[in-house]
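Chemist: The chain contents come next:
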Amino acid sequence: MTETLIFYMLSAVILLSALGVVLLPGVMHSALCLGLCLAGVAGIFASLGADFIFAAQILVYVGGIAVLILFVVLLAGSASDLVTRQINDSWLPSLFICAAFLWSFLKVTVYFSGIAASTLPVPAVKFIAAALLGDYAVPFELISLVLLASMTGAVLFGRRKAQ
Amino acid sequence: MTLSHYLALSGMLFTLGLFGVLTRRNVIGILMSIELMLNAANINFVAFNRFLYPGQYQGQATVVFIITLAAAEVVVGLALVMAIYKNIKSVYVENYNIMKG
Chain A
1 MTETLIFYML SAVILLSALG VVLLPGVMHS ALCLGLCLAG VAGIFASLGA
51 DFIFAAQILV YVGGIAVLIL FVVLLAGSAS DLVTRQINDS WLPSLFICAA
101 FLWSFLKVTV YFSGIAASTL PVPAVKFIAA ALLGDYAVPF ELISLVLLAS
151 MTGAVLFGRR KAQ
Chain B
164 MTLSHYLALS GMLFTLGLFG VLTRRNVIGI LMSIELMLNA ANINFVAFNR
214 FLYPGQYQGQ ATVVFIITLA AAEVVVGLAL VMAIYKNIKS VYVENYNIMK
264 G
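Line by line, the protein sequences are chains A and B. Position 67 of the first sequence, counted from 1, bears residue number 67 in our numbering, the numbering being contiguous throughout. For our numbering, count along the second sequence from 1 and bump the result up by 163.
Heads up, some of the hints might be wrong.
To be verified - One side of the interface only, derived from the structure: several residues of chain A facing chain B at Cβ under 7 Å:
#1 Ala46
#2 Ala117
#3 Leu142
#4 Val146
For the record, the hints were derived by calculation from the structure and aren't laboratory data. Ideal placement from N, C-alpha and C gives every residue a C-beta, glycine not left out.
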């Protein structure tokens, strides 16, 4: 009962704030809604028993990405953004495309109805560490290379042009 | 709670993100909508791992990689947005036509 209540409350938070991200005219409000939505997704991870993913979601998404996006919103933009239209002309075809996607997703969902969790969740940090340094050792090293490359790229794009 | 509840939630979140990508004019809004879609995929990974493969953790390990890649993607994307904004002074994607021949 409590689990069901928590799931529906988190779902309401996630979907309403995602609607805010997509539809609010001010980008600042959208970015704040994005932080709320990511925190709600972290709650969903916690309710699924994924403790390490929950912590990583809070640290990286809510603490990193949402704050980074807020910084860029403050840097780029003008006062006239609040009164100009934020939705482009093709919103009606987009609505049909999204309706088709949603319909097919919900059709697929039917195949997985009735599958309930059989076991209680256990702390997963030890097993994820074993997977990252065992089966996933090569991708784990490659991802550090990707992080280094993205950091270098951000510095490269962000610096001033040499006169 | 069954698996289909979580799948329905992530489907709705993905659809909202897709609508944002297709309709927003602001490039930062498009980046935020992409983050929503990535989060929907992460919910799917963790939910399938929890309900179909209890006792195994490959799905959660994959989510760690996706979160890292999303952070790298948003860093490079926002650096590019700032670099373009310095030249064009606009955040609207209709004005981003400097690569037109």
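Chemist: With reference to the structure, classify each hint as holding or not holding.
Modeler: Now the hints, each set against the structure:
1. Ala46: At about 10 Å, which exceeds the 7 Å cut-off, the nearest Cβ of chain B leaves the hint on Ala46 of chain A violated.
2. Ala117: holds, 6 Å
3. Leu142: violated, 9 Å
4. Val146: holds, 5 Å
Going down the numbered hints, you'll see the structure goes against 1, 3, while the others check out.
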